[in-house]
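K.L.:
The hints should help you fit chain B onto chain A, whose structure is shown.
Sequences listed follow chains A and B, in order.
For the first sequence, numbering that gives the first Met the number 0 begins at 0 and goes up steadily by one.
For the second sequence, numbering that gives the first Met the number 0 begins at 0 and goes up steadily by one.
For the record, the hints were derived by calculation from the structure and aren't laboratory data.
Any given hint could be a false lead.
Since the list can't tell identical chains apart, any single copy or any two copies may satisfy a pair.
[Claimed, not checked] No farther apart than 30 Å at their CA atoms in a straight line, the calculated lysine-lysine pairs in the DSBU-like style are these:
(1) K299 <-> K46
(2) K185 <-> K50
(3) K299 <-> K195
(4) K166 <-> K299
(5) K48 <-> K299
2 protein chains.
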Amino acid sequence: MSLKLTILGCHSATPRISAHPTAQLLEIKNHLFLIDCGEGTQVQLRKYKAKFSKIKRIFISHLHGDHVFGLIGLVSTFRLLNHEMELHIYGPKGIKELITTQLRLSNSYTSYPIIFHELESNKSELIFEDKKVEVFTIPLDHRIYTNGFLFREKIGERKLNMKAISKFSEIEICDYQNLKNGRDFKLNNGKILPNKELTLPPPRPLSYAFCSDTTFKPDIVPTIKNVDLLYHEATFLKDREDLAITTKHSTAEQAAKIAKLADVSELIIGHYSGRYNNLNDFQSEAQQIFPKTTLAIEGKIIEVN
Amino acid sequence: MSLKLTILGCHSATPRISAHPTAQLLEIKNHLFLIDCGEGTQVQLRKYKAKFSKIKRIFISHLHGDHVFGLIGLVSTFRLLNHEMELHIYGPKGIKELITTQLRLSNSYTSYPIIFHELESNKSELIFEDKKVEVFTIPLDHRIYTNGFLFREKIGERKLNMKAISKFSEIEICDYQNLKNGRDFKLNNGKILPNKELTLPPPRPLSYAFCSDTTFKPDIVPTIKNVDLLYHEATFLKDREDLAITTKHSTAEQAAKIAKLADVSELIIGHYSGRYNNLNDFQSEAQQIFPKTTLAIEGKIIEVN
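The shape of chain A in the complex, shown without the other chains (with noise of 0.2 Å):
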């Protein structure tokens, strides 16, 4: 099992030469979800060599510009490469009024169905789930309608523990199924043998968590609990906690808190505003809270095993 990160812009606001705004890729369990898309994320998406052809969900977090205005750019993008599958696009009621209102306007049109899945619950919900992932809202608190959110591997199947099953002949692989399931083997003398004495636990379930643009917000912990890795945004430093406050934005500070709160494993964080030139800054003032906190930096990989 393993869940990986690639950064593909970390920045707040306006987008300049090094400084994309936010996009993230998500490889788990062979999905590939992106994540928010900035102006120019398609281009940050050839850089860093995306498969294009991989990418059929897209969640975005809110829509203010830095977070969606490269979407609409994408989803033509999608028709040029002759895309045929349908593209699903998650985030903020109006998010299909905005890009449809684009597509009529240009008088274009897509050659694979998009379905929107709109959001406006304040309440942490299921937005998608197959046989092996699950991803829920987390919802935010800033100055438009926003939400994180929660990508959650689903327990797996037992291992067979082949050196224990050798020594029973009846078990056949047929049987194998069965004992991945959890359930337990009759053997024909009626002797039952318990499924924990032929198999091993199913590898722990990983999660990660992206809190996009929000005020601090401790009401969230319950939701991220435990992840194995955080994005928190950071668009401050304590020093300007003040503006943190009134544009709702969080400090690192604030980002380490929930994240020593959550017990997560991993905190990440970035969307700094362009104010800041040395972004050091904001990785020890997060560690003076917790620790193993990295920074999103254009084109970093994280991956989580």
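P.N.:
Structure of chain B alone, referenced to chain A:
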């Protein structure tokens, strides 16, 4: 007098790492005009150190994404830069809805007024003028309503011929403006000095024609006749004239034919399809018809004096 054109992007369709979509910056008579605004244009403006604060008028040829998807980002960035001046946007009917819908859905506003000049005529029309410059549309023929733009200096004042003037002590400084305006001078003895004996002709006014996406359309020739610099799209080489016809674009040869028919001083071509690796083929194809052809290349600056 001079005219300075900076190529910010010159490729068609989807933006790639080293292939930015159409955007140009024109300096003419103390104006800084932005022409088209594909995704990423604001970053290109920074890269080439454009003075954002001097951009007060933006001209959009048509609403296909590779010419306009960067506009909402630029409009938003102007707010972050605390612009207060009016911003004039000239473009096809629908451009106001395109921008205002995005501002509304992102719960954003601008700190300055945007004046939209929506175009829908199929005849060339004067859309801006002041004392020194005038801008006309050049109706084109593409898959969607599209205009090129003709930027033309007005004829300036006549220049004082100081050597001739100095012979007449009766002519005082307060008379100079009348002379510049072309008026004759009456001496005290009643004799008339013709203006031409006291002044020199004004500098020749310069002109630039931007012909964005269009099929081969010779009927634009009278509008762009004798311009100093013509940009004409050349999406394909003549080997794919069939594609040029179906997509309503032009070949390099066709761009050159327009330049020759209009007897322009210099031609610049761009909007290359991504299918071609060697841009020099565009130049050589065009130069067979019109030798003074150059390629639009990102960062190229063309000055006309």
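K.L.:
Within a copy, between copies, both or neither: where do K166 and K299 come within 30 Å Cα-Cα?
P.N.:
neither (47 Å within a copy, 76 Å between copies)
K.L.:
With identical chains, the pair K299 and K195 could be close in the same copy or across copies; at 30 Å between alpha carbons, which is it: within, between, both, or neither?
P.N.:
Neither: 40 Å inside a copy, 71 Å across copies.
K.L.:
Within a copy, between copies, both or neither: where do K299 and K46 come within 30 Å Cα-Cα?
P.N.:
Classified as both; 12 Å inside a copy, 24 Å across copies.
K.L.:
If the cut is 30 Å between Cα atoms, do K185 and K50 qualify within a copy, between copies, both or neither?
P.N.:
neither (47 Å within a copy, 80 Å between copies)
K.L.:
30 Å Cα cut-off: does K48 pair with K299 within a copy, between copies, both or neither?
P.N.:
both (13 Å within a copy, 28 Å between copies)
Checked against the numbered hints above, the structure violates hints 2, 3, 4; every other hint is satisfied.
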